[in-house]
Amino acid sequence: MTTRPVTRLRARTLAGGIAVLLATMLMAVLIGAAELGWQRVLAEIWAQLVGGTSPLSEREAAILWQLRVPRVLLAGAVGAALAMSGAAFQGVFRNPLADPFLLGAAAGAGMAATIVVVFAPALTLWAASALPVAAFAGAVGGVALSWLLSTSYGGVSPTTLLLAGVAVSAFLTAVQTFVQQLNADTIRQVYNWMLGGLAITGWADFVSVIPYIGAAAVVLMVCARLLDVLSLGDAEAASLGVNPGRLRLLLISAASLATAAAVSVSGLIGFVGIIVPHFIRLTVGASYRVIVPLSVLGGASFLIVADQIARTAMPGELPIGVVTAFAGAPFFIIVLRRNAEKLW
Amino acid sequence: MVSPVVELRNVRAGYRDRLVLDGVSLTVSAGEWMAVIGPNGAGKSTLVKAMLGLTRLGGEVLIRGRDRRTLPARESARIIGYAPQQPAIPGGLTVTDYVLLGRTPHLGLLARERSADQRVVADVLRRLDLDKLAARRLGTLSGGERQRAVLARALAQQADVLLLDEPTTGLDLGHAQALLDLVDRLRREDGTTVVSTLHDLTLAGQYADRVLLLDGGETVAAGPPEEVLTPELLARHYDADVEVVTVAGRQVVIPVRTNGR
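Residue numbers (the numbering used here), protein chains in the order written: chain V, 1 to 344; chain S, 1001 to 1261.
Don't read these hints as lab results, they were simulated from the structure.
Among the clues, some could well be false.
What the hints assert, rightly or not - Not close to chain S: a few residues of chain V, all C-beta gaps over 12 Å, as computed:
#, residue
1, 16
2, 22
3, 26
4, 50
5, 68
6, 97
7, 149
8, 175
9, 185
10, 188
11, 229
12, 232
13, 237
14, 249
15, 282
16, 334
As the list claims (entries may be wrong) - Computed beta-carbon distance windows for the label pairs:
#, chain 1, residue 1, chain 2, residue 2, range
17, S, 1218, V, 152, 45 to 55 Å
18, V, 53, S, 1116, 49 to 59 Å
19, S, 1258, V, 337, 51 to 61 Å
20, V, 152, S, 1029, 36 to 46 Å
Claimed, not checked - Listed next, the stretches of chain S that the computed footprint assigns to chain V, with coverage defined by at least 3 CB atoms under 8 Å from CB atoms of chain V:
#, region
21, 1049-1057
22, 1085-1095
Just so we're clear, the structure is a prediction, and the values are computed from it rather than from any experiment.
Where is the CB? At the ideal position from N, CA and C, for every residue including glycine.
Take the sequences, apply the hints, and build the full model.
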């Protein structure tokens, strides 16, 4: 049949995406700084899943289950959050340059993190560092401020919101820079946070962000078809029975919560929210019903690989933001040049 | 008397600081084609928006006898299908994907299309001779094909009323005629009611059962084409010199050069 819709995410494509993600996760768990040996790691995983004796010592098992596995899962969750939020923002603003940091999430998180680093480096909340909580609150606050400032006549136009986001970002960044200049000795620490990284131990970070990212993923996937409707413009969306203003608020809230959660544990990892959705748009299809779910899978895979490179390519660690841009940009340019005519 | 599908009673509509429609009333009966004409700025597009519920309102808009303001959006979307003058074209979507979006008011808010919806779309594509283009991306279509895709999207809504805002914009003579012929055929086959704004008065004369002439936000004439498309009315409201000829019982409006008057 010639009229079979290609919006429908085919089982084959979905299975491919899941297979790639599982393969990346496995690869990332098998390889690491501590040479555990991939056969022994496989044997340990087998022992945990099926039963039997593990070749790993207790300390080695702890490295695997308390360091590697949670880090891989966290990288996956953060990548998924940034990529799906980027896709949602591009749909909401009907703009290919939209990314999840556009509305002040990055600037808000950066300002809040800097304030904590400078004024209250020892502050703890619930027995953990206050930095992630502050970054989360800053990101949500930045977006909320942009939204409130762009409300007029009871509605929010995407263009006004976008410009409000630019203004709010500039303002919050100015505050952040000012605070930082007053305390130049903390610049390195702030800078490190900004570049992004996933240096963690244990499961706490993953457990704290996954509710937000998981809930947002459900909302965005359920609304993927409505993102296509939104691409027709407000008048047509309304004529199809969809309330574009309410839909935008829902989508931006979900995407921003996921972004804030990601930022709180990983700092500012740029480029993922742009490159992953566009890669899917160029290679698989332009319907958000394809882009959103594949962004979740692709974003997770991409960031797991990037984190893998960040922690193994050099002695010590590269900032992951450097890896996503350094490896991602040339790759993206190649895909773009081959498929540019398919865009939008 | 056939009951009106759409009825406007003394509608006043516009923007924050400017009233565009100042007391327009009209009734559209089931199965008829009403063309809304008028000079630039007369309020044609605002009239369309008022019917869609996109402007603030004074007066009443009744859709199948129910007040527009209390009618749920999805329900009204099942009654009125709309094709805008300058539709946003998501160039990456295929024709089928795009036309499927017309099924939105028939789906649960979170549901996906069932095979019944796909059958409707396949049928619409076939009738509009778009089936060979079904897998093409919108960005690769010609202007005429694109207009047909937009019409197909509106038809997939399976609404009783087709609201077309300047459907022939950007189309050449032949494509404009083909598109309106198509609308006319669908109307006769399905009993669809058509309301369209048209800037081409000859096309209005050729296709419409009734013509509504707007000027300055008010109805200045309404009736069958032969009553509205007269040289006197057109001269007065368009500030144009025209001759109207009747060919095969239908009006043809010809602009005549006046040598500077």
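Hint check results:
No beta-carbon of chain S is positioned within 12 Å of the beta-carbon of residue 16 of chain V; the least distance is around 20 Å. Residue-level check passed: residue 22 of chain V sits 26 Å from the nearest beta carbon of chain S, beyond 12 Å. Separation of residue 26 of chain V from chain S is adequate, the least Cβ-Cβ distance of about 32 Å exceeding the 12 Å criterion. Against the 12 Å criterion, residue 50 of chain V stays outside the reach of chain S, whose nearest CB is about 38 Å from its own CB.
The non-interface label for residue 68 of chain V is consistent with chain S: the shortest C-beta to C-beta separation is roughly 37 Å, beyond 12 Å. Separation of residue 97 of chain V from chain S is adequate, the least Cβ-Cβ distance of about 16 Å exceeding the 12 Å criterion. Even its closest Cβ contact with chain S, about 19 Å, leaves residue 149 of chain V beyond 12 Å, as expected for a residue assigned away from the interface. With a cut of 12 Å on Cβ distances, residue 175 of chain V stays outside the contact zone with chain S, its closest approach being about 34 Å.
The claim that residue 185 of chain V is not at the interface with chain S holds, since no C-beta of that chain comes within 12 Å of its own (minimum 50 Å). The Cβ of residue 188 of chain V lies farther than 12 Å from every Cβ of chain S, with a closest approach of about 44 Å, so its non-interface assignment holds. Interface exclusion of residue 229 of chain V from chain S breaks down, the closest Cβ pair being 6 Å apart, not more than 12 Å. With a least beta-carbon separation of about 5 Å from chain S, residue 232 of chain V fails to lie farther than 12 Å from that chain, contradicting its non-interface assignment.
Remark: the non-interface label on residue 237 of chain V conflicts with the geometry, its nearest Cβ contact in chain S lying 8 Å away (cut-off 12 Å). Non-interface call for residue 249 of chain V relative to chain S: holds, since the shortest CB-CB distance, roughly 15 Å, exceeds 12 Å. Its closest Cβ contact with chain S, about 9 Å, brings residue 282 of chain V to no more than 12 Å, contrary to its assignment away from the interface. Residue placement check: residue 334 of chain V keeps its beta carbon more than 12 Å from all beta carbons of chain S (closest about 19 Å).
For residue 1218 of chain S and residue 152 of chain V, the hinted distance range of 45 to 55 Å is not satisfied, since their beta carbons lie about 30 Å from each other. Checking the proposed 49 to 59 Å range against residue 53 of chain V and residue 1116 of chain S shows it holds: the Cβ atoms sit about 57 Å from each other. At roughly 56 Å, the beta-carbon separation of residue 1258 of chain S and residue 337 of chain V lies within the given 51 to 61 Å, and the hint holds. The beta-carbon spacing between residue 152 of chain V and residue 1029 of chain S, approximately 40 Å, falls within the hinted interval of 36 to 46 Å.
Counting residues of the region 1049-1057 of chain S whose CB lies closer than 8 Å to any CB of chain V gives 4, which reaches the minimum of 3, so the coverage claim holds. With 7 residues carrying a beta carbon less than 8 Å from a beta carbon of chain V, the region 1085-1095 of chain S meets the three-residue requirement, and the given coverage holds.
When each numbered hint is compared with the structure, violations occur for hints 11, 12, 13, 15, 17.
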